[in-house]
Amino acid sequence: MTELPLVSQLIDALRCLPGVGPKSAQRMAFHLLERDRDGGRELARVLAEAMARVTRCRKCRTLSETELCGLCANPRRDATLLCVVEQPSGVIAIEQATDYRGLYFVLGGRLSPLDGIGPDELGLDLLAERLRRDGIAELILATNPTVEGGATAQYIAQLATSAGVGVTRIAHGVPLGGDLEMVDGGTLAHAFVGRHAL
Amino acid sequence: MSAPSAGHLERCLLLHRRDFSNTSLLVEVFSAAHGRFPAVAKGARRGRAPTAALLQPFQPLWLAWSGRGEVRTLGKVEAAGAPLTLRGDALYCGFYLNELLMRLLARQDPHEDLFAFYVAALEDLANGQGLDRVLRRFELRLLQVLGYGLVLDREADTGRPVSPAGRYCYVPERGIVAAIDGTPDETLSGATLLRLAAEEPPEGGQIREARRLLRAALAPHLGPRPLASREFFRRVRGA
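Top line first, the protein sequences correspond to chains A and B.
Counting from 168, one number per residue, gives the positions in the first sequence under the working numbering.
Counting from 127, one number per residue, gives the positions in the second sequence under the working numbering.
Please note: incorrect hints may appear among the correct ones.
Derived lysine to aspartate or glutamate pairs resembling DMTMM-like cross-links, with alpha carbons at most 25 Å apart [stated by the list, open to error]:
{"hint": "1", "chain 1": "B", "residue 1": "K202", "chain 2": "A", "residue 2": "E348"}
{"hint": "2", "chain 1": "B", "residue 1": "K168", "chain 2": "A", "residue 2": "E348"}
{"hint": "3", "chain 1": "B", "residue 1": "K168", "chain 2": "B", "residue 2": "D145"}
{"hint": "4", "chain 1": "B", "residue 1": "K168", "chain 2": "A", "residue 2": "D282"}
Keep in mind the hints are simulated off the structure, nothing from the lab.
Build out the structure end to end from the sequences listed, making use of the hints.
In structure tokens form, the structure reads like this:
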């Protein structure tokens, strides 16, 4: 490809996508160049515009095209409920699967002492300020059930308690339609501790 | 280090894990028989019962692996007991122990006794023992295993026994010497040194002295890069 520097640049650039290796990148590049120039132009235009205009919501740090995201700006959402998730994809997952009507806060990661990711990197000063000022009654922790997600939840729970806000954490347990025999011991232990009255 | 024969399970704990490509994990394994090494768990984050649930720090594991390169490929993963539940500051201390091992233990250098000390320290943290006590004991044992053990009951130059009432200084690469002058903030009491030498927990003002001593003893081996977990702990507690 030495005689086609632009094409090899395009192939290299496509490899920044997750799950795209050299072979797939080459197939994508040739598809756009040989069969779908219009699609390629549209992709380039939208990509450039999205990179320029999508930023983070000032209030919840999720991805947003406006200063306040649609959820934070919606007056019908219950502003006394705040749900903390690690990634913007967590917001979408909860919105699609549940009837939760409160607001969100997106960390953009989790506390990871060995990787040097501390409270500042996750915008936790902003969260602490919201807990003090925004009249939140319940903070719902929906960080991922990993050791680091647990460390994050523990730290945020301390912030909330010192701000006088009630804290809950989403349940961990046996998947619906699952079989107790197939569930790993840690999950089953959590499910057992978190049992509730019927 | 030779890989164990296929399907042979070994006692291990993970020191660290991070996401790798779409569905895999890159983990740092600490095994009783083969020491510390990195490994890829392919597809661990995929499917209905992902092994990612098990592949976490502080979860005793049985692992099998294969491969000859520096990074092994994990095979079978089984739990070797319930996860050690560390809460509150004990969890941050657990991260600190993991970072110490990642920084000080050479890869593929087996230390069965250190593995046992590490498991014991995690169990003590999970059972709510005093954090300072657990950390100091582990740090002393780690230095011992790595060949930098501290002699705390004798003066380095004269060989005189340390007296409980005396004041002493720790000089890196030399050891304990009698303090000529210096404020209590800079020197160590003989009582603290003797308690540490006897593996007894320091008490009261000795706790700070013991922490200062071990920090100074670990520093030359850690090098100039600060410990991320220590910095983390400081920030979290300061908030």
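A quick look at each hint next to the structure:
1. Under the criterion of a C-alpha separation no larger than 25 Å, the hint pairing K202 of chain B with E348 of chain A is consistent with the structure, at around 18 Å.
2. For the hint pairing K168 of chain B with E348 of chain A, the CA-to-CA distance comes to about 23 Å; that is within 25 Å, so the pair holds.
3. The straight-line distance between the Cα atoms of K168 of chain B and D145 of chain B is roughly 11 Å, inside the 25 Å bound, and the hint therefore holds.
4. This hinted pair checks out: K168 of chain B and D282 of chain A have alpha carbons roughly 22 Å apart, not beyond 25 Å.
Checked against the numbered hints above, the structure violates none of them.
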